[in-house]
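Engineer: So the chains spell out like this:
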Amino acid sequence: MEGLERIIKEHPFFRDLDPRFVALVVGCAKNVRFDAGEYLFREDGEADQFYLIRHGRVALEMVSPSGGAVTFQTLGEGELVGLSWFVPPYRWAYDARALELVRAVSLDAVCLRRKLDDDHDLGYEVMQRLVPVLIERLQGTRLQMLDVYGAARK
Amino acid sequence: MGGSESRREKWLVERDGLQRLLDALREAGYEPIGPRLRDGAIVYDVIERVDDLPAGWTDRQDGGSYRLKRRADQALFGYAVGPHAWKRFLHEPRQSLWRARRTGTGFRVEAPANEAPRYAFIGVRACELHAIAIQDRVLIGDRYADPAYKARRESAFIVALNCSVAGGTCFCASMKTGPAVESGFDIALTEILDGQSHFFVVESGSERGADLLAQVPCREAGAEALAAADAVVARTAAAMGRELEAEGLPELLLRNLEHPRWDEVAGRCLGCGNCTMVCPTCFCTSVEDATDLSGDTAERVRRWDSCFTTAFSHLHGGSVRASPKSRYRQWMTHKLATWVEQFGSSGCVGCGRCITWCPVGIDLTEEARAIRQSDGIERGKDHGRT
Amino acid sequence: MIPEVARVAGTRRETADTWTLELEPPAGQDVWAYRPGQFNMLYAFGIGEVPISVSGSLRDGARLLHTVRAVGTVSSALARLKRGDSVGVRGPFGSAWPVEEAAGSDVLIAAGGLGFAPVRPALHALIARRERYGKLILLYGSRSPEEILYRREIEDLRRRLDVDIQVTVDHATEAWHGHVGVVTTLIRRAAFDPEHTVAMLCGPEVMMRFTVAALRDAGVARENVYLSMERNMKCALGHCGHCQFGSDFICKEGPVLRYDRIRDRLGVREV
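Protein chains in written order, with the numbering used here: chain A, 186 to 339; chain B, 188 to 573; chain C, 784 to 1054.
Since the hints were made in silico from the structure, they are not lab data.
As a list, the in silico DMTMM-like pairs of lysine to aspartate or glutamate whose alpha-carbon atoms are at most 20 Å apart: (1) C/Lys1035 with B/Asp329; (2) C/Lys1035 with B/Glu528; (3) C/Lys1035 with B/Asp323; (4) B/Lys512 with C/Glu1053; (5) B/Lys512 with C/Asp1047; (6) C/Lys918 with C/Glu938; (7) C/Lys865 with C/Glu807; (8) C/Lys865 with B/Asp483.
Here are some chain C residues the structure puts well away from chain A; computed CB gaps all over 10 Å: (9) Trp802; (10) Gln812; (11) Asp813; (12) Val857; (13) Ala862; (14) Lys865; (15) Ala886; (16) His907; (17) Arg913; (18) Arg943; (19) Ile948; (20) Gly1002; (21) Met1012; (22) Leu1020; (23) Lys1035.
Even glycine gets a Cβ: it sits at the ideal position worked out from N, Cα and C.
Could you build all of it, start to finish, from the sequences and the hints given here?
Structural biologist: Have a look at this one:
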């Protein structure tokens, strides 16, 4: 547990988290690894875990109109993978696949959601960390959609 | 600057003596260009005789309005400025820059002949002298010199005139560019009409000016004539049609780029670009490349352009300044604000042409005043109504 | 200013719509003179002139490189030139990347799309005197994998142990296994000392604006961020008025401008 506590405190997502909250979070955490090509989760699956990446890259993918999987975002060390665990109906909206060996801390979403309901201060703390990630991802997506490098329109 | 100019010797030339001035200029190889009446306006064109000048005419100018009226006297220069500026002779509206010809292996480029005509500008106002100096700064005093402008500028002989009439849209006094001519001329005239007398108080401002004046019949100007000349300038200075508060103007405009006044004026501005055509300091040009029918000879031509066109700021398939508001703002903030940082002075000389020749009478002195009075207001900062 | 005539020594197709021209110096000249960041006005006979940044040089300046994207009449004509053809050249014009000023600092180059071309000479200059700089980082964002410029060169550079190169695309294809996401997402994974970093940005204005914001969040000072700005250009001499961006003429004070100088203007639409 001690090792996990240190890992969580050092991860950018939970940096400077109050010690009593760290203890609560650790209770839902465990170390995991994925080999290259393995899925962290799949579209429409139950969003009952999410991941703090410690090492390795993860591709977020969706199925393109032509049928194959297309990556729309790559995440890596220090980043959070999985947001839908926080919002009903708690189902994944896309696939997340390890591009190489991935070491992560996996957080049990069912466990954590219960603790967030019980302790609203913890809930607010987690929300304050989650929303900026959401906004950054949304803004990045908008920029990708803008197609800024495209050839000039006549 | 200061008192040294007033120490110049001043002479008196009779009205008819002016013909000798024009003739002497022609003999020296200059083509005199001066004010002439044409198409209901006083424009600049070739003049041969003193009688070509619009004697006995004056103008009434206001926002979007220019009318000629008869004077009670026969003053030769009894009017303010018309739609022409001297820039049309120094920085031609259309100029061939170079030609290129195909060769067996590629092409070669040929420089133009660059023979500059030698003009003598007759009746250049103080505001116009400043405008010419401003264009000098842009076109020959900056990083690169324009050879065609330089050649014409160096050969141009300037006969300046102290204004006896302040136009309805004039504000040179606000811009400190007139009405008295101070420097940058070869000869300066002040026209005096007093009962039966009609003469000019003249002075030379350069060696070639003095040489030319030596060929014109004149006598020393007495104290009375000098006082009359000073009085002309003082009367004109007191009769300005407009005023522009120039103090802190660049900073005022540049901190109000989102002021709602820009949207308001955009509702009136037609984007016609008249202001840029008549403004004596506007210098923007564009280039056109074309070949002849055989496709073996190509030419590049430079022509006047205006920042009011959407094509002016074309970039990557669109325009940086697509809205009329952004284009009006560009023109006014360039003229009155960013010009100072670029070239060390305001771009405006207070001649009022932009006000007179705007079809809807937009007045930049009024626009500047409106922004100054509500300095700091920004669009979209009301946070909605309660 | 009259164009000089230069011969095309070779061309190379970079992507579907982009070519690099290799130019011999005009008659009477052995090498090309330029500073990284500057541009030339390239003239296609009878058609017109466009500003194209120098994208590199070969053999110590004996050959000049210009990467041209065919988007309009003139650029399409230039992109179609072949070895032995002639092109008119006026220049070089404009301001340069702060290659000298950055000595002693980490250098972070963030390029987007065709914006990699104008900043590539700076990258070459920095690598040529590598010992003068701290970390050297290149972040390159492209629309899609097929539009990555100078791919072979990037792959070669990656073999060096002293340059950190990260490439990302906005739109991936199924075959792409590299990073996907806007170029700003690469900043957090780059190791640099924000207080001693000089950043050189080149790409679409919106991309540069967001990249500046991300660099400022990371702690890079305004005086240490440089952008390459673009505006319509006709004469490149400061006489035609077209390229003005506030009080700066992109052909004279620009295209490379320091962020603190232009910060207020960048936020105003249609300036």
